[in-house]
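Colleague: Each chain, letter by letter, is given below.
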Amino acid sequence: MDTDNINEKQSIELIESMIKTARQDNYSSGAFYYILWGIIVMVFSILMFVAIQTHAEWQPWTFSLFALGGLISFLRSRRDDRVEKSKSWFDDLYMYVWSGTGICIGFVWGFSMMLGLQNIIPVILMLYALANFITGGVTRYYPSLVGAIVCFACVVVAFNLSFAYQNLVCAFAVLCTHVIPGLMMKKYYERKGYAQ
Amino acid sequence: MLNELDPLLHSQLRLSIMSLLVSLEEAEFVYLKEKTKASAGNLSLQLDKLKEAGYVEVIKTFKNNYPLTKCKITKKGIKAFEKYINDIKGYLHLE
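Chains as they are written, first to last, in my numbering: chain A, 1 to 196; chain B, 197 to 291.
Hints listed in this document are in silico derivations from the structure and should not be mistaken for laboratory results.
The reader is advised that the hints may include incorrect statements.
[As the list claims (entries may be wrong)] The calculated label-pair distances, taken between Cβ atoms and stated as ranges, are: (1) A236/B - Y142/A: 36 to 42 Å; (2) V254/B - G106/A: 20 to 26 Å; (3) E253/B - F74/A: 27 to 33 Å; (4) W89/A - V226/B: 18 to 24 Å; (5) M113/A - K256/B: 35 to 41 Å; (6) T270/B - P60/A: 50 to 56 Å; (7) E253/B - G102/A: 28 to 34 Å; (8) A236/B - F63/A: 46 to 52 Å; (9) V43/A - E278/B: 14 to 20 Å.
Virtual Cβ for every residue (Gly too), placed ideally from N, Cα, C.
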């Protein structure tokens, strides 16, 4: 690329193309976390449903999935820090929104006795939908935004079901908000030749 | 009456650098080189011009014991970029 002057139309095209390039790079590493946490929460919810239905003793062990997710995320973020050559404004948005949501979900589980078993999953889904609504809206990633709207609908359904079946609704909501948008993102970047 | 376009920004490589940096919190020198497809020498020269104008901040640091150059757009750079966009919209009758 040279430093020659350009005309006004070329300037606008150049600006648009560079901004698009920078935004695409930002999304490319996000797919991994979308899919990872989507699968973890989905598997957790299905295992919870099975454990409740069969009165299984291993039910408390299902929570260890989150520790596994945390460890994988930590290792991946260290790798990303080494490899990534740019830092987006959106990195902080994701970090603050999702860590704040994680803290709120922790409180919900922690005070589950006061909140009532029946209300835990709908409240968590509400927080989940809100976080996706904000990040999907701000980054203009529409599959995530659509997933958030599906998740809001799941909140209404979950309030009308028993705790066991709320877990299945949660698995479906996570499939729509994280797994599908994450896979779409991954596929898009594989076509573009980005490594995941 | 049309405003004169900022000569510092009305250049292909410098405008590319500014467009990338305005979308990012910070970017490494190699990232800018990769995306603009410019040579290291030319990129370095244009970054110096933007730095002298106060449009970008160039941070020299280390990563895994290797020297690393990071670039960030400044508040003055953002204002200049916004003004450039508004001026160019005037030329293209987009306002």
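Colleague: Go through the numbered hints given earlier and state which of them the structure violates, listing their numbers in rising order.
Modeller: As far as the earlier hints go, 2, 5, 9 are violated by this structure, in ascending order.
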